[in-house]
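Colleague: So the sequence shown is numbered by the numbering used here: it starts at 79 and just counts up by one.
Hint data in this document are derived by calculation from the structure and do not stem from the laboratory.
Nothing here was measured: the structure is a model prediction, and the numbers come from that model.
Take these hints with a grain of salt, some might be off.
[To be verified] No more than 30 Å apart at the CA atoms, straight line, and that leaves these computed lysine-lysine pairs for DSS-like:
| id | residue 1 | residue 2 |
| --- | --- | --- |
| 1 | Lys165 | Lys203 |
| 2 | Lys226 | Lys165 |
| 3 | Lys165 | Lys201 |
| 4 | Lys93 | Lys165 |
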Amino acid sequence: QKWYSALKKIPEFAKLYFEQYNITLTEHVTLHIGEVRTYVGPGPSPLTQEQIFTKPNEELAEFLVNYKPSNEWRGHTEEGLADSLKKAVQANPSKFTENLIPFLKVGYSHIHSILWGLLDAWKEKREIDWGNTLNFVHQYTDRDGFWKDEFDLRRANHTWIVRTAAELIKSGTTNSNCS
């Protein structure tokens, strides 16, 4: 009705305005939507970093494969889990690189978080098992379906993995302070 009132001098809109006026019996309609709440950031994770550290890689990989985000306001989110996973890898890369094989069945977004965590760990001069890491990247990208985006497209696709893996390799081969 408010929009129509601005245009009610135009015959086509005058008819619409008066139809709405007859329903509301008021000149101006004010909407009351209540309190507006927002939040910024990745949202909460279903797992803390400590929980990530204590889970064996096989159990963690299974959790990542089966994880479904909460539909509740301020409930745990895919982004929150990705952020916690990245930070856990960054803080303790050897926990992950000692056995990356269970993560072969994990979707793109979580592999991206693992590789990004390794990249940040390397930049912080933490030790990385390059043999296991490169072997994992090769095995993950060499499977049928990888290049066709067949591995859980919740938030990411194969380009995220290629880009992050390339950045990790570049950093590992050019950073003379770490190598």
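Colleague: Take the hints in turn and mark each one as holding or not.
Modeller: Structure-based check of all given hints:
1. Lys165 with Lys203: holds, 15 Å
2. Lys226 with Lys165: At roughly 29 Å apart (the allowed maximum being 30 Å), Lys165 and Lys226 satisfy the hint.
3. Lys165 with Lys201: With a Cα-Cα distance of about 13 Å, the restraint between Lys165 and Lys201 holds, given a limit of 30 Å.
4. Lys93 with Lys165: violated, 60 Å
Hint 4 from the list above is the single one not met by this structure.
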